[in-house]
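These protein sequence lines are chains X and Y, in that order.
Position one of the first sequence corresponds to residue 10 (this note's numbering), numbered consecutively onward.
Position one of the second sequence corresponds to residue 206 (this note's numbering), numbered consecutively onward.
Any given hint could turn out to be false.
What the hints assert, rightly or not - Between beta-carbon pairs, the in silico distance windows are: (1) X/219 to Y/372: 18 to 26 angstroms; (2) X/62 to Y/308: 57 to 65 angstroms; (3) X/249 to Y/221: 37 to 45 angstroms; (4) Y/256 to X/227: 54 to 62 angstroms; (5) Y/207 to X/83: 32 to 40 angstroms; (6) X/27 to Y/206: 25 to 33 angstroms; (7) Y/378 to X/152: 56 to 64 angstroms; (8) X/136 to Y/291: 52 to 60 angstroms; (9) X/37 to Y/220: 25 to 33 angstroms; (10) Y/247 to X/83: 46 to 54 angstroms; (11) Y/254 to X/76: 47 to 55 angstroms; (12) X/219 to Y/255: 55 to 63 angstroms; (13) Y/312 to X/395: 46 to 54 angstroms.
As the list claims (entries may be wrong) - Here's a subset of chain Y near chain X, in silico, CB distances under 7 angstroms, partners left out: (14) 216; (15) 217; (16) 220; (17) 224; (18) 278; (19) 300; (20) 313; (21) 319; (22) 321; (23) 340; (24) 348; (25) 355; (26) 357; (27) 377.
Said to hold, decoys possible - Lysine-lysine pairs mimicking DSS-like chemistry, simulated, CA-CA at most 30 angstroms apart: (28) X/326 to Y/248; (29) Y/307 to Y/247; (30) X/387 to X/27; (31) X/327 to Y/209; (32) X/123 to X/327; (33) X/403 to X/327; (34) X/327 to Y/371; (35) Y/247 to Y/371; (36) Y/291 to Y/209.
Don't read these hints as lab results, they were simulated from the structure.
Being a predicted model, the structure only gives us computed values, none of them experimental.
Glycine included, C-beta positions come from ideal geometry on N, C-alpha and C.
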Amino acid sequence: MPLPADTDATTPRHLRDKYAIVGVGETTYTRGSGRTTRALGTWAIRNAMQDAGLRAADIDGMLSYSGNDSTFAPFLAGDLGIRLNFYMDVHGGGSSTEALIGIAIGVIEAGMCKCVAIFRSMNGYSQVRIGGTGARSAAPVNGDQLHSRAYGWQSAGQMFAPTFMRHMYDYGTRPEQLAMVKVVHSEHASNNPKAYYKKRYTVDDVLSSRIICKPLHLLDCCVETDNATCIIVTRAERARDLRHTSPLIRSVVGRCSKPRTDMHYQHGPISRVAGYYAKDILWPNAGLGPEDVDATGAYDAFTFTAMIQLEEYGFCKKGEGGEYVSSGITRLGGKRPNNTSGGHLCEAYTHGMNMVIENVRQLRHDVDDSCPIGPDGKRQHTFDYREGGCRQVKDIEVTCNLGWANPMTGSAMVMRRG
Amino acid sequence: MALKGDYLGMALTVDDLDIENLEYFRHCAAHDFHLQQCDDCKKLRYPPTTACPWCTCLTSTWTRVEGKGEVHSYEEVHHAIQPAFKAHTPYLVLLVDLDTQKGQPTPDEALRVVGNLTTPDGELAPPGLVKQIGIGSRLRMVFTDVAEGLSLPQWTLDETAKQPDKPWRYPQE
């Protein structure tokens, strides 16, 4: 049977707005959780179930990602009395969140299950250090790593730095422009009671912090924390019966990559990142463009990763990311705030989950700041963004998450208010 | 046969079945840089791979390549991850565009070979030398001998080449 003329593998427009994120949850963000990734994971999943108003019998799918530093889905499902019709634990870190949301839509669409809990559980500070020190630095070096780790080229910051340095060379991007990413996200975190770091920083604080790996100062780098996070995905019609007015998924891109994934630096320009390719899937599928987005969640493993993705996805011209992130646009109260929870630089390091969770709460118009709770159980947002105050974006309708694995691979998602 | 060697506290191993890396390092041990040249499209490639990234051809011929080029990007590591590198900070990780096949098959592509900045003897460079190198610096390949039959290609300043007046360095220095 011939396919309809408008069928295009990259544009499943018929799924636009058909799926929703109905529940989100997390553990406390801490260092030294004092429990296993299994215990952290069940805690986060249960919080997300309660947030959605779902019972164990309502969830029949599970997805997780890790780098051999977590517990597999069947154990967590068993602990919570969830019987699975589908599960999969995939290898990977940053950019997996949006990719797994896309997979969840796919398996539900295929009739394999009805409701999928996606989790990431990690003791990223107290067990397997995300910065790469400890066990990961002691492992033997073979295969492709003979051309990287053997040269003391291993941690995320070290692996990405040539891209960042070349961006400064190609476009004149300045250290003080990047520092503004940390400054702005720290302002947002100061209005987030659950953020691990709530202190507000200045540009001077960032530039005078010690160099980790030039061009990265200590405060250009994200935190390392222990935590688990969970996102529950199901069909939009099912979402209507649940607790919240759930955000709808417009478009999702998963692990879209540059050429030469064996060593992406072989194919330039090396100051270009995966968003260059991903944007051509994201925006047509969403039926929207960057100008329609009210808030972004650009993965901030480093100040640079937020900046370089925002420009690559078209929020400004290529090469003008430094100007964009230092202009005030990305600040609460600005035209298009980025990472209103404080992101990986300040709230916690979750491999991308917390930035999606934040945008879900933003789109419910019910972000968990310190504003007073009214008689209807909802916060009475003041929109006063001074330290310790509100972080709800006023009248927010559309968000965009930009997930980062490394310069060569990224994922993205557009959501709208339900 | 597998290759093994200890280098700055790391156990480097090239496995028996990893025939591409075994051949690559066999030439490096002789201080003679070779890359795979595709038997069909004749393009060189780096690092060792199991097929041609331009034409999918599975066979190639190891071909001698001149170890000269220009710094395309760099980083200066102050916080080492591997403990034994801490004694050598700051050290540079360099991406060097070889002169051979530069700008081919597209203008943005090059054989971009990784290495640290070292002395001509293959020792990690002292801080004074680290400060002299930036984007545009002209370098030549040298080798660090790790063990019998196992050497790493590295980069050192090309004393005979014309150097840029001021190689581009990170602005906050």
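Comparing the hints with the structure gives:
1. Residue 219 of chain X and residue 372 of chain Y have their C-beta atoms about 24 angstroms apart, which keeps the hinted 18 to 26 angstroms range intact.
2. Checked against the hint of 57 to 65 angstroms, the C-beta distance between residue 62 of chain X and residue 308 of chain Y comes to roughly 59 angstroms, which is consistent with it.
3. As the Cβ distance of residue 249 of chain X to residue 221 of chain Y is approximately 59 angstroms, the hint placing it in 37 to 45 angstroms is violated.
4. At about 41 angstroms, the beta-carbon gap between residue 256 of chain Y and residue 227 of chain X misses the expected band of 54 to 62 angstroms.
5. Checked against the hint of 32 to 40 angstroms, the C-beta distance between residue 207 of chain Y and residue 83 of chain X comes to roughly 36 angstroms, which is consistent with it.
6. Separated by about 57 angstroms at the C-beta atoms, residue 27 of chain X and residue 206 of chain Y break the suggested range of 25 to 33 angstroms.
7. Range check, residue 378 of chain Y to residue 152 of chain X: Cβ separation about 36 angstroms, and the 56 to 64 angstroms hint is violated.
8. The hint said 52 to 60 angstroms for the Cβ distance between residue 136 of chain X and residue 291 of chain Y, and at roughly 23 angstroms that hint is violated.
9. About 43 angstroms separates the C-beta atoms of residue 37 of chain X and residue 220 of chain Y, a value inconsistent with the hinted range of 25 to 33 angstroms.
10. The hinted window of 46 to 54 angstroms between residue 247 of chain Y and residue 83 of chain X holds, with their beta carbons roughly 51 angstroms apart.
11. With their beta carbons about 24 angstroms apart, residue 254 of chain Y and residue 76 of chain X fall outside the hinted range of 47 to 55 angstroms.
12. One distance hint, 55 to 63 angstroms for the beta-carbon pair residue 219 of chain X and residue 255 of chain Y, is violated here, with the actual separation near 41 angstroms.
13. One distance hint, 46 to 54 angstroms for the beta-carbon pair residue 312 of chain Y and residue 395 of chain X, holds here, with the actual separation near 50 angstroms.
14. Because the smallest distance between the Cβ of residue 216 of chain Y and any Cβ of chain X comes to about 4 angstroms, under 7 angstroms, the interface hint for this residue holds.
15. Taking 7 angstroms as the C-beta contact cut-off toward chain X, the hint placing residue 217 of chain Y at the interface holds, the least distance being around 5 angstroms.
16. Interface hint at residue 220 of chain Y: satisfied, since its Cβ lies 6 angstroms from the closest Cβ of chain X, which is below the 7 angstroms cut-off.
17. Look at residue 224 of chain Y: its Cβ only gets to about 12 angstroms from chain X, farther than 7 angstroms, so that hint breaks.
18. Interface hint at residue 278 of chain Y: satisfied, since its Cβ lies 4 angstroms from the closest Cβ of chain X, which is below the 7 angstroms cut-off.
19. Annotation: residue 300 of chain Y was flagged as interfacial toward chain X, and the flag holds, the nearest CB pair being 5 angstroms apart, inside 7 angstroms.
20. A distance limit of 7 angstroms between C-beta atoms decides the matter here; for residue 313 of chain Y the minimum to chain X is near 3 angstroms, and the interface restraint holds.
21. Because the closest C-beta pair between residue 319 of chain Y and chain X is about 6 angstroms apart, less than 7 angstroms, the hint holds.
22. With its C-beta approaching chain X no nearer than about 5 angstroms, residue 321 of chain Y sits inside the 7 angstroms limit, and its interface hint holds.
23. Because the beta carbon of residue 340 of chain Y sits about 5 angstroms from the nearest beta carbon in chain X, less than 7 angstroms, this interface hint is met.
24. A cut of 7 angstroms between beta carbons decides the hint on residue 348 of chain Y: the least distance to chain X is about 13 angstroms, and the hint is violated.
25. Annotation: interface hint on residue 355 of chain Y violated; nearest CB of chain X at approximately 9 angstroms, more than 7 angstroms.
26. The interface hint given for residue 357 of chain Y is met, as the beta carbon of that residue sits about 6 angstroms from the closest beta carbon of chain X, less than 7 angstroms.
27. Taking 7 angstroms as the C-beta cut-off, the interface hint given for residue 377 of chain Y holds, the closest approach to chain X being about 5 angstroms.
28. A threshold of 30 angstroms between alpha carbons decides the hint, and for residue 326 of chain X with residue 248 of chain Y the separation of about 34 angstroms lies outside it, so the pair is violated.
29. Simply put, residue 307 of chain Y and residue 247 of chain Y have alpha-carbon atoms about 14 angstroms apart, close enough for the 30 angstroms limit, and the pair holds.
30. For the proposed pair residue 387 of chain X and residue 27 of chain X, the alpha carbon gap of about 26 angstroms is at most 30 angstroms, so the pair holds.
31. A threshold of 30 angstroms between alpha carbons decides the hint, and for residue 327 of chain X with residue 209 of chain Y the separation of about 45 angstroms lies outside it, so the pair is violated.
32. Taken as a hint, the residue 123 of chain X and residue 327 of chain X pair is broken in the structure, with Cα atoms around 40 angstroms apart against an allowance of 30 angstroms.
33. For the suggested pair residue 403 of chain X and residue 327 of chain X, the alpha carbons sit about 28 angstroms apart, so the restraint of at most 30 angstroms is met.
34. Using a Cα cut-off of 30 angstroms, the hinted pair residue 327 of chain X and residue 371 of chain Y holds, with the two alpha carbons roughly 27 angstroms apart.
35. Using a Cα cut-off of 30 angstroms, the hinted pair residue 247 of chain Y and residue 371 of chain Y is violated, with the two alpha carbons roughly 36 angstroms apart.
36. The hinted pair formed by residue 291 of chain Y and residue 209 of chain Y meets the criterion: a straight-line CA distance of about 23 angstroms does not exceed 30 angstroms.
Going through the hint list in order, the structure does not satisfy hints 3, 4, 6, 7, 8, 9, 11, 12, 17, 24, 25, 28, 31, 32 and 35.
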